[in-house]
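Assemble the complex: chain A is given as a structure, and chain B must be docked to it using the hints.
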Amino acid sequence: MFCALIGYLLKFIFLDSPIVIINPYNPRLNSLEKSILRGEIRDNKGVVLARTKMDKDGWMREYPQGRDFAHVVGSVQKGKTGIEAYANFMLLEVNDKMVQRVKEVFTGDKLKGNHVVLTLDANLQRTSRELLKGKKGAILVMEPSTGKILSMVSNPDFNPNELSQNWEQLNKDEENSPLINRATQGLYPPGSIFKVITAASALESEKGLEGFLYNCKGEDIFDGNLIRCYNSKPHGEVDLNKAFYVSCNTAFAKLGTDVGGERLKQTSERLLFNRPLPYELDYNRSQFVLTKHSEDKEIVETAMGQGRTLVSPLHMGMITSAIANGGILMKPYIIDHMETNYGKTKNKKIPEKFAVLFDAGDANRLTNMMVDVVNKGTGTKAQISNISVAGKTGTAQNASGEDHAWFIGFAPSQKPEAVVVVIIENGGSGGSSAGPIARKLLQQVLNN
Amino acid sequence: MPKQSIIEVLILVSRYVFVIFIYIFLWAGYKGIIYERKNEIHGYNNKVFEQRIFIIFIHVFSFIILMASSNDIKEIEEIAKLGIYSLVFIIAAIILTSLIYKKSDAILWNSMLFLMDIGIIMLQRLDPEAANRQIIWYGIGSILMLFIPLVFMIIPRFEKFEYVYLMSGWILLLSPFVLGEEQFGARNWIFIGKYSFQPSEIVKFLFVFYLAASLRKYNSLKDIIIPTIMSGGYILVLVAQKDLGGALIYFLTFLILIYLRTSSSLLFFGGLGGASLASMVAYKLYSHVQVRVEAWLNPWKDMDYKGYQITQSLFGIGTWGWMGSGLTRGYPKSIPVVKTDFIFAAICEEFGNLFAIGIILIFLLMILRGVMIAIKCNRVFYSLLAVGAINLIAIQAFLIIGGVIKMIPLTGVTLPFISYGGSSVITSILIIGILQWIQSFYETREEVEE
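Protein chains in written order, with my numbering: chain A, 404 to 851; chain B, 31 to 480.
What you were told as hints is all true, and nothing was included just to trick you.
Here are the simulated DSBU-like pairs of lysine-lysine, each with C-alpha atoms no more than 30 Å apart in a straight line:
(1) B:K336 to A:K481
(2) A:K818 to A:K448
(3) A:K506 to B:K363
(4) B:K363 to A:K483
(5) A:K437 to B:K363
(6) A:K414 to B:K336
(7) A:K575 to B:K331
(8) B:K33 to A:K456
(9) B:K331 to A:K414
(10) A:K734 to B:K331
(11) A:K483 to B:K336
(12) A:K538 to A:K483
(13) A:K818 to A:K752
(14) B:K331 to A:K437
(15) A:K414 to B:K363
(16) B:K33 to A:K437
Quick list of simulated restraints, FRET-style, between CB atoms:
(17) B:K61 to A:V502: 26 to 36 Å
(18) A:K818 to B:Y335: 52 to 62 Å
(19) B:D332 to A:K749: 28 to 38 Å
(20) A:L418 to B:G262: 38 to 48 Å
Here are some chain B residues pointing at chain A (derived, C-beta under 8 Å):
(21) T341
(22) L344
(23) N383
The set of hints was computed from the structure by calculation and includes no laboratory data.
Just so you know, even glycine gets a beta-carbon here, dropped at the ideal spot from N, CA and C.
Chain A extracted, bound-state conformation:
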C-alpha cells in the first residue's frame, strides 16, 4: 500500500510534473523568471530568434528576426504565446545546477536557462514571409520523413518587438486578425485539395473504383443541383487519374456519390478530421460534417471540397506528409533539441511515427496522380526543371469574397525532402496564385 504511494509519487515526478508545473497558476515560476536568465530560442542552424537582454530595470526579450517568426516563436509580453509559452520551463531550466549556482555565488553571474533549438530554418522563413507579403494566408513547409517543421508563417503578422506598444490596436484589428497563427489555427474550406481525400476514399472502396470513367460536359446536375467545372469547360472522358489532375468537379461529384457519405466520412476521420491532431502547440481541429444520413447534395459538394468542410493548413500538411512518406504520418514537431550553456545537446527529439494514414499502395497511386497535376494538370506553375514535383491545387469558394487559393505538394516525388502547404485568402486560382509560391519554396529547400 505504501509502495503504491511511493510509486505514484515517482510517476508524478517523472511523467506529470514537467507539464503540470508550467501552469501560470504556479507562483514559483515568477521567481524563477527573475532569478534565471531565460535561454535563447534558435533556428536549426543556430540563428538567434529570441534572446534576453538585461538592463538596470530588469530584463527584456528581443526578437532579432522580428516579424519572420512572430507567430511561431511568440512573445512573453502580454502573456506568453508560441514557443515562448510552450518551452517556458525549458528556457528556465538550469543545467548543472550545483556548478552554476556555486559560480553564481562567487561571480554574480545569473543562472542560465537552456537554449531551445527549433527545426525551423530562418532563411526559408524569411522567404516564406516575403512570398506572403501583401496577402493574407499561411505557408507551412515540413520534412515528411521526420515530421520536422521547416517553415511556418502566417500573414498578417506583427512585430514582436513592439507587441506591448501595439497591443490594443492589434487586438482590435478584426479585419486582419494579425495575432492569429493562420497556419495552425486558420480554418478554411479546402476546395479542390479535398479531392485528394475523396480520391483516397475511392481507392480504398471495395467497389473497385479503379475503373471509374466519367464523361465531363463542363457541367452537370446532381440531386437537383448544378455543378460546374472551372469556367464550365468540359474535360471529356476522364478516368480517376485525369479527373484528379485536371481537377474535374463534375467527375468528383459523381465519384462522391459513388463512394457515398459514410465511406467518405470514414476515410476523413481516419485522416484525422474531427480528431485531435498530434501537435503540441495550439491549433484548431478540422471539421468534417457528413454522416450516413447526409443528403446527396451535401455529399457532392463535400467530395469537391466545398460544403461545410473546414481544414487548417497544418492538417493538410500532415495529410500531404503522409502521402509523401509512403502513407505514414510522422509526428510534426518544432523543437529539435535543447542546448545547455556549455553547448551540450539535450533531449534531442527523435522523429516519431504517429499513424499509418494511407496504405502504401494508395500513397503511391496518389503520389503519381499528384505528379501528373504538376506535369500536365492544374499545377504546372509549380514545375521545377529536372525535379519531379507532386501537388494538388485548390480554388475554394468561400463566403468572404474571391476564392481562396491553395496548393499542397512535395518534391522530389520519390524520396521527398519537403512538403509545402500554401493558402492565400481570396487569392483566386490555386494554380496561378499558390502554385508559383510553392515552387519557389520547394526550390529553396532542394537547393540546400
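Just chain B now, kept in the frame of chain A:
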C-alpha cells in the same frame, strides 16, 4: 565572501546532505533490525546510536540554516531558542523513554523522533508561533505517554474496561454536537479558550482499546455483533460530523481487527464491499464529497476554488525535482493548509522528493516495527491492541500523503507526528506509547498463557 553567498551555498549543499542523512538513518534501521534478529546486541546498539546521531545532525543543521536565513536579531534568537528547546526535548525523550520503558523498541522511538523533528523544523520554517505551540504539545503528549507504564502497572487488567472505553468514547465523540463549532466544513472540533481540539482523535485511541477488549472474547460470530454495531455507531457519528477521513480510518481499523480475529475473508471483503457502497451513497448525498472527488479527478478545471488546494500542492511537489528547493528557498506558504494537511507537500518542496520518499519509508519502518511487536503477543488483547494502534498511524499517513499527491481524494486528516495539531500529536505519541508498553511488557517478563 559575502554572507549571502555562504548561506546560498550552505542551503544548496544541505539539500544533498539531508537526503543522504535520511537514507543513512533508514539503512541504520534496516541493519539494526538484522542485528536484532541475530541477537547481536552490540551491533544493534551501534545502529540505534547512529540513528540518533543523525537525527541530531539534521536538527542542528536545519536550525543553523533557519537562523542564517534571518536578518533580524530577535528572530534569530527566537529560532535559536526553539532549536534548543526541541533539541533538549529530543535528548530528554531518548533518555526518559529508555528509563521508563524498559527494553522498548529503540528503532521505533527513533523513527517517531525523526518524524517529530522534521515536523518541528518545517513548522518553524512556516510559522514560528505554531512551532512554539507544537513543542508544548510534544511536551504534554510525551509526559502523558511516559505515564502509561505506570498506569498499566497500577491497573493490571486493562482489557476489562470495555464499557468504560465505549462510553467515554461516545461522550467525547458526541461532544462537538453540544459544545462544538464547525471548522473546515466538518463539525468535529471543540474550542476551549483559544485552543481547539478534536475529540475524534482521542476517541480513536479509546476505540482501539474498546475493539481489542471486546473482540478478544470472540468465540463465534455472534460475539462480534455488538462491537460491530457500536463501531457502526461511531462511524455514523463521524459521518454526521462530516469527518469522512476519520470515519474511513475507524472503519478500516475495525475491518482489519475483525479480520485478524475471525480470519474470515468473507467478512473482510464483505466489509470492503459495504464501504464502497457507502462511499457511493456518500458521494451522492454529500456535496462536499462530490467536490472532493471532482477536485481529485480534474483539479485543473477549477484552480481558483475546488482545485486550489491540490494544484498548489502539486506545484510545490513538482517544481524543484529530486533535491528540493532547499530549506527556506521554496514557496511552501503558497500551499493552502500547509501547516496541517499539506505539510507533506512542503517537505517535498523544500527537502526534496527523494527526502519525502524517505519520510514515507520511515512510516513504513514504524509500521514494520509495530507489526513485529504485534506478532510477539500471546495475549489476544495485546496483539489486537498493537495491530489496532499501528493501523491508526498507517491508515492516516496513507490517506493524507495519498491525498496530497493526488493519488486519492483529499480526506482532511493530519500527517501523524508532523502536522501541526495538539490532538493529533498527543494521540500519535500515545499510540506509540501503547505499542512500546506492549513491547516492554513482553520483553521484560514471562507471559502467562491466557
